[in-house]
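Visitor: Assemble the complex: chain A is given as a structure, and chain B with the ligand must be docked to it using the hints.
This is what each chain is made of:
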Amino acid sequence: MRDIHSSSVTDAVKKLCMEANYELEPDMLRAFDRALQTERSAAGRQVLQILKDNAELARTKKIPYCQDTGFVVCFVELGQDVHVAGGLLGDAINEGVRQGYTEGYLRASIVRSPFDRVNTGDNTPAVIHVEVVPGAALKIQIMPKGGGCENRSKYKMLTPAEGVEGVKAWVIECIKTAGPDACPPLVAGVGIGGTFEKAALLSKKALFRELGSPNPDSTVDALEKELLDRANRLGIGPQGYGGDTTALGIHILTYPCHITSLPVAVTIECHAHRHKEVSL
Amino acid sequence: MITTAADGIKDITPPLTDADAESLKAGDRVRITGVLYTARDAAHGRLLPLIEAGKPLPIDVRGQIIYYTGPSPARPGEVVGSIGPTTASRMDKYTPTLYGLGLKGTIGKGSRSQPVKDALTSHKAVYLGAIGGAGAVLSRFVKKLEIVAYEDLGTEAIRRLEVEGFPAIVINDCHGGDLYQNGVKQFARD
Ligand code: SF4
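Chains as they are written, first to last, in my numbering: chain A, 1 to 280; chain B, 281 to 470.
Among these hints, one or two may not hold up.
Unchecked claim - Below 25 Å or equal to it, Euclidean Cα-Cα: the simulated DSS-like pairs (lysine-lysine) are:
hint	chain 1	residue 1	chain 2	residue 2
1	A	LYS139	A	LYS168
2	B	LYS424	A	LYS61
3	B	LYS397	A	LYS176
Bear in mind the hints are in silico, worked out from the structure with no lab data behind them.
So that you can see chain A by itself, here it is in the shape it has in the complex (with noise of 0.2 Å):
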């Protein structure tokens, strides 16, 4: 067993909150980048570069780079060989998201109740989730989740006999009403198969894999890439200005189904992508 104290997962979601909210990853910065390269609408290039100045600036003066900093969504993998030490990881992490909201000057955008909607005033609680996985480290990846898109995320139930075209043709419905409330161009994140649970914790975990990179399967890969490019054949563009750049990345994560079933639930990410992960 190795021993893994609490304070040092506090202060290392503490950290991650701050860097996630201040620095867009290089992936994001990349993407904006190819983009560039192939946006035919004026007003999308402009967009486009006046995120980039955006992330600059976000970096340089350490504000962060969207007014809404999220809903601090936390997926851990624990080391079956872990032990956390001196307090409960859950608390741990709420602790670390609690210093980094409030001496990170990040908004608290958190209401205690979904009825009397009572500000936390500090962006606490964070939506954790907790795998088991082989070994002795603990890895944590926090994603402070804007509301804007989040609000435009879906699911949706297909049947098997709709098979891989419904499944095309309910993630380009999804994004087509993103359309430009969710601050495009946009990520998606799509979790198949599994239950109505699973499919949805999918969509998310599949955010983190790098904008860009090639999915581990290549039916999945193909998939990916056609998804994509229909996506940026529908005219939205970077900020629903009109344009080729609607998504930036598609990107699926797939679990067995039931033979009665083929679930579907699409994440809806925006351009404040916002992911970053440690191992201790």
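Guide: Just chain B with the ligand now, with coordinates in the frame of chain A:
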């Protein structure tokens, strides 16, 4: 007041008149200098019952522009943190009433409902888009910030901003023009 600068961008200073609103067309780039009021979900939720009860509002909306945003906190020495627009459609339920009171513009991101578009036509007003997610860049145009109502709402409080050259684009004008629809028409390839 609206004037067109040499670079083709329209310079706007509230308060705006009916004629000002009529001169704006979907796709026009604008630069705003002067006062903007911020309000989003929770503040709108408080304004409407006041209107329904015939009580005065904490801000006089006549001729003004409301910016849908909830900024992040300012670092010491800064005016504001990040301050980009939020999704406008969540305010659709309230917006026609506010336009009816003489509000001339709103700034947000994303599509509006048909009743909002109809209200733009009947009350001579505009819906402007600011770049969603460019909150760091947009913060540079805010020169002064003051909370004028509902401080308890935190980021959702109503703030009075003084801006200089704040960039936006006309999404929906009062003649039925819609930049989003025009954009898709021009660039869709299927
Ligand atoms: S959708 Fe994304 S970029 Fe747009 S306001 Fe929300 S978090 Fe920011």
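Visitor: Which of the numbered hints above does this structure break?
Guide: Number 1 - this is the single hint that the structure violates.
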